Amino acid sequence: MAADAAVVGAPSRSRAARPGGLALGLATGYLSVVVLLPLAALVWASRGQGPAEFWQQATAPEAVAALKLTLGLAAACAFVNAVAGTAIAWVLVRDRFRGKGLVDAVIDLPFALPTIVAGLTLLALYGPGGPFGLDVAFTRIGTLFALLFVTLPFVVRAVQPVLLELDVEMEQAAASLGAGSFEVFRRIVFPNLLPAILSGVALAFARAVGEFGAVVLISGNIPFKTEVSSVYIFGQLQSGNTSGAAAVSVVLLVISLGVLLGIGGVRRWRTRYDRV
Amino acid sequence: MGIAVVDVSKHFNGFTALHDVSVAIPEGSLTALLGPSGSGKSTLLRVIAGLEEPDSGQVLIGDQDVTDTPARTRGVGMVFQHYAAFKHMTVYDNVAFGLAIRKRPRAEISKRVHELLELVQLGGLAKRYPAQLSGGQRQRMALARALAVEPSVLLLDEPFGALDARVRQELRAWLRRLHEEVHVTTIIVTHDQEEAMEVAGQIVVLNDGRVEQVGSPRELYERPANEFVMSFVGPVNRLGDTFVRPHDVEVLHEPEGDGSAEAMVERVVHLGFEVRVELVREDGQHLTAQLTQEQAELLELERGQIVYVRPSRATTFSAAARRPDRQRSG
Amino acid sequence: MSRYLLRFGALGYLAFLLLVPVGFVFYRAFEHGFAHAWAAVTTPEAIHALELTLLIAAIAVPANTVFGIVMALALVRGRFAGRGLLNAAVDLPLALSPVIVGLALVLLYGRGGWLGGLAGHGVRILFAVPGMVLATMFVSLPFVVREVVPVLREIGTEQEQAAETLGAHPFQVFRRITLPAIRWAVAYGVVLTTARAIGEFGAVSAVSGNIEGQTQTLPLYVKAQVDGFDTAGAYASSVVLALIAIATVVALRVIQPKEH
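Top line first, the protein sequences correspond to chains A, B and C. Sequential numbering from -19 applies to the first sequence in our numbering. Sequential numbering from 575 applies to the second sequence in our numbering. Sequential numbering from 109 applies to the third sequence in our numbering.
If a hint is listed, it holds; no wrong ones were tucked in.
Derived lysine to any residue pairs resembling SDA-like cross-links, with alpha carbons at most 20 Å apart:
#  : chain 1 : residue 1 : chain 2 : residue 2
1  : B       : 661       : B       : 675
2  : C       : 366       : A       : 82
3  : C       : 366       : A       : 137
4  : B       : 661       : C       : 278
5  : A       : 80        : C       : 122
6  : A       : 80        : C       : 354
7  : A       : 48        : A       : 203
8  : B       : 661       : C       : 279
9  : A       : 80        : C       : 111
10 : B       : 661       : C       : 295
11 : B       : 701       : B       : 666
Note that these hints are calculated values from the structure, not bench results. In this text, all values refer to a predicted model and were calculated from it rather than measured experimentally.
Pulled out of the complex, with its shape left as it was, chain A reads as follows (with noise of 0.2 Å):
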């Protein structure tokens, strides 16, 4: 088969099929001057006046409180993602009931809905008087509320193609050698999901991590009690220290590409014995 797979998957004389050289410039280019430059120019003025300015804004008091605001609200999010995401996509796939289309159009709607809109509608149900006379406005359940809504469909997108593929032989199997349903849950289902799992938790924390419009109207902002890193890095551009917000910015991108990474390489070492 070597060779046969050599000639599908090698480069061929084909030119119908590629972009030429000028087309392939144009795009790079496009590319750099809308998001590489600017990110460029980021990084750059995150250095300040030197290192030790660096490291003073990023260390500010009130940047740390936002930072770690920010990450523990992000995990919680992708906490509470990965169970109900998981139990939403289940019930999508294998429950049956009227009206399941309509359920299954509607988780598409925190990818449609301005973030703003959304902060606006959980400020005005969940917050000062609301209906059900719940006030979590200015806390930080709040803007969990907030997170969790706009972070509703990845875990469920991510799962759901999966569990449509599951072989439902292997459950069956399971349960004619003697396995409860629980059982065939925890030992057979669960570890084929959990990548998929991952991928839709990595993409809930990385969104979590840097929302804004949701979040600036529920939270109230108040620093070190609901502000969260976005949030901050917001105030100090308008206060004009750029250098300060810039240097809080790469700190937020350098965890999160951590944490993402990490996520990433749970993912790849679980999966390592589905590739060959």
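We have chain A already, so just place chains B and C on it with the hints.
Chains B and C in isolation, oriented as in the chain A frame:
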């Protein structure tokens, strides 16, 4: 137009797919490129088509050196294993595609397309989409599409590989008849020796990027150049340095002359009109004999029975022609 | 038994977190009647905000669509070093906080930034529409690419090679074979890109200066109304945005089966 491949070599990332391959394809012939997976047959076809550039060597179509000509202007028609049907176009538009690209007048296209659809027995299906056709129909459409622009050469890359066994049989016979009618120089790539033997007038046997033998099906079967060709083209018993075809193994109740050896019947398999007898010789060598229903009945063979076997015809190869240890590159 | 528990648990979670809040926005907007809501959403500032939002989307979405198709082709079929890096770069906007995006743009085009000199030549990027367009392009960049890439991988190159042997030029192959094959993936990506472009808040907020009637998109308008205690205006505009979001979800559902 005839095709000549001269000393063509092709490498992929340190793996050599073709080693100095030279082949002559006579005009108007139906030639098969036969070989196992990895033998380089598809690569050779794609080099002839112009979809791959050889690292060295030449390709000539007619008398013209087309090595540097791109596929687009080579005038080859190609049919792929998985049909490569233009899914979003009707059968009519698929077949008309080459003509539409060449900006032929509408009336001319219509006439030619309908002609071709009749030829491949898809008349009446012009408005359907490929997804609505069976595999065999899709492949016939692909052939019609390739023939529409009157190529000088027709190249088929394992065209029946994705089809059911029965459809494959039908299409093989159909292809032969079509070739007799249309007479375009045709090359078909296949790993199925039965298919090559049935369809082609000339077979090029490839292994590990090299040509093992070129000849008619009969030549290959009766006068194989080496062990590889012999065992690839049909079942064979290897007894030491001798090779014997199962149908050349005589099974007797009494030893007769030199060359008879005692053997025990291990298994008798009835395959309808033929019977396969699995035997083990006195010296421990296993072999298979192929008998007709009649012969088997006369011998009344049973498991455990002692009989005598004698090859009515055996082949040996010189040392150079035995399965050589190929230098694996990369 | 446990099935019903799971079902009601999951549906309850969805209702509590998603459906009730969105439904409530509609309720609050029309609480005092349709006329009241209509008046609140047709003030000059609100109308300008909507127009600006649509204008920005009308620039960013086509740009990212063309970019997306070319980049997807390059990533799947190209053979050049650094493809992995390019792939990661395309995904960057998905991982970045919108505020950081806005900050990066301010640092690039603002005073003291590498391209800060542009302002001196009369080219206003920040606190003006061009900056908002760039911010929107940034955050909505990856969607078309990510939708088209898997489809390109799946369809392979055989159809295109067949077209080539039939005599078609590379551009003819692209127009007649490649493009039709990816059109639904592109459509799906375009819908996602548009939704993101219209709804963007954080990045645009950072670069716009939020000048009412001039550099305020509809999402920024909503925030401004909340800050100014004009709840009617905020809810009414939110309804407009929510309706666009619902249309987006419907469009996605319609396109999705066609992708396969």
